[in-house]
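Protein chains in written order, with the working numbering: chain A, 1 to 185; chain B, 1 to 568.
Be a bit skeptical, because a hint or two may be false.
Each pair of labels, with its calculated beta carbon distance range [stated by the list, open to error]:
1. Arg318/B to Ser100/A: 20 to 30 Å
2. Ile206/B to Leu6/A: 48 to 58 Å
3. Asp107/A to Ile85/B: 56 to 66 Å
Since the hints were made in silico from the structure, they are not lab data. Quantities reported herein were computed from a predicted structural model and do not represent experimental measurements. Glycine is no exception: its CB is placed at the ideal position from the N, C-alpha and C atoms.
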Amino acid sequence: MNENVLRAIKVTGVAIFLFAILLPIILLGIAYFAPNHGKGKIIEYKGQVYYSNIGQLFSAPKYFSTRPSAVKYNSNASGGSNKGPSNTLYLLEVQSRIDSFLLRNPDVNKAMIPVDLVTASGSGLDPHISVQAALIQVKRIAKIRNLQELVLNQLIEENTEKPFLEVFGPEKINVLKLNIALDEL
Amino acid sequence: MVIDIVGSVILFFVVVVLAWPLGKYMNKVYKNEVSGTGLLTKIELKIFRLLKVNPSGNMNIRQYLVAFALINGVWLVYGFCILLIQGQSFLNPAGNPSMEWTLALHSAISFITSTNQQHYSGETGATYFSQIGVFTLLQFVSAAASLSVGVAIIRCLKKNGQQLGNFFVDFIRSCTRILFPLALVVGMLFISRGMPMTFDGPARVISLQGDTTLLATGPVAAMVPIKELGSNGGGYFGTNNAHPFENPDFISYMVHYIIVLLLPMAFVFFIGYFLENRKFSNMIFGVMTLGLLLVTIPIVWQETSGNPLVSQMGIDTRSGNMEGKEMRFGSYYTGFYTGENAVVPAGTITAMLDSYQPLSAIPMLIGMQVDGFFGGLGTGLINIFYYLIVAVFLGCQMIGRTPILLGRKIGLVEMQLATGVAVLQLMVPIVLTAIACFVMNATPGANNTLGWLGNSGPHGFTTIFYEYVSATAGNGSGFEALGDNTVYWNLTTSLAMLTGRFVPIVGVLVIAYLLSKRKYVESSAGVLKTETATFGLFLFMVIILLNALSTLPVFALGPLQEYFQMNH
């Protein structure tokens, strides 16, 4: 075989060893000793395993609901809506989400609904909502669970994730953690 | 908002602080001044002996181009074959199928050209074996290859160097000295943030309210570091950096932001150290930073302002346009990240670009077309280089001097090559868009029979143009409502990726080689100074002018029209 071709194949072989064998094995070894053994962030609750970073569908009214998802929180096929900002179908969809939220939460003033609660996330697996999105669900949940609103507001405050070092990133709430705390009350 | 601005400025300066020493280190690596007795050196010498290359040898331009072409050919055949049979191969716990041949060809080309446009979705379209053995591997080698070419070009411009060096030596050193250690460190960081690194198959999970679903996982942390470090962008999952496993929290976001820009910026500092001309690299740094700013600011502004049509519904839209965005990044930082990834062709996304405001598309498209405001690893220099030639030539015409760049006279052939490359880069996406529109027009009931466009009207037009610009620039991001896994799109974007990658690389290598053969002229009063802020500004204007002139009509048909329809 041509010497140049042979050399190209040899270089590729070296690269395969370095990057497709050695590096993954080292990282696998490191992951094994990491908390959760490199399987992602896991929380256990009542003997069940949950992935705290992967958003879940909360359609039951007794739970704080997550954001709309274009893939209905199917964690085997992430995806956004990919609808353009002027797409008529998209705008109708947002409007109907607002309407159905108001139906489920009759005490809420429309101007209070934050935009994240009626728009689909990028991955379809967004585990977070904004603080305001949690606050406007308090009345509904308090009524269903027979709890005082004050208790729920406090729960939200405890579960608010502040910006990193007070500077970087938005304030948000992990809905799964909040709902687990809610079940624990 | 103010706190976000402070945060993002700090983040940018962190990159500068890290890139500076890294540039110094790269200078040592490529001058072969790193300590001679270490373990790495021994391993490298073994590899060089195996390859039968002389570590201090030089290639001429013919040998260099042959080596570069052959190795890319080997990678293409390797990737294509494995993707065709991945369904039958091992490490496939999810039982994903093999790829259809145009998709396999598109994916292989996409990864050897460092474009990483993905017409498959990682969860269901690739096996663990192809994720590691093909996609991760090709991201490493394509990055090392373009880095080596970048180094060879700089070597040609050295005052008394006049040599290309040996492609294989630079390639191996890029792998062992730069990409491998960085990827290892970053991989560890990501694992600590909760990114999966496992060969277990998809997990069956039950949600708190009792729904059962499958959860895709895999050796994610082996792949994600290089997709950012090497300006590649091929994500593990379908939704790339928006996926909570590829980008678990805000700390991982900051790591992503830093490593996307790290090596392209370090390369600029490296130029200064290697040529012993810090003023020149500072000028380039200034131009690139200005470009990054002018691309980022409008996107951030548009996305934080929100969608006017949603605001009209009477809800609280203070957090901006959140469609397709993730709460843990918010609209400000998502826009900030998008600006970075428009100019650096990693082209990774933390949100779905299709749902951005129409005016955000314009800076994204300009950033991608220039592809040299920092740009890719090695390719950023290549793209800025032909603009440099054009700018020096124009500038000298204006003041009546002989065009001299870094002590070498620019001749007719160099000028022809530079303009040829520049014009071709701009024309390819426009022509391909025109053809696609023609095909749509000629097909009766195109929207249903072809199934290309998820959004119609001007937004659909932007979708088509964006796909081709992204393919040509090696960026790889896309408006995902495009039904892109079809024979037509797989083949036409493959063509765009091949020309977009190899024409500038070959063109600029030849230009640099020709320049290196000219006699070195000492700088004097009769030579246009290229190290000044004035020239930097002039270079910037040339870049913007060339791009604006060629694409303004396209902007008018796509994003601008959509904007005016929304805001009439």
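Results for each hint:
{"no.": "1", "hint": "Arg318/B to Ser100/A: 20 to 30 Å", "in the structure": "holds, 22 Å"}
{"no.": "2", "hint": "Ile206/B to Leu6/A: 48 to 58 Å", "in the structure": "holds, 54 Å"}
{"no.": "3", "hint": "Asp107/A to Ile85/B: 56 to 66 Å", "in the structure": "holds, 59 Å"}
Taken one by one, the earlier hints all hold for this structure without exception.
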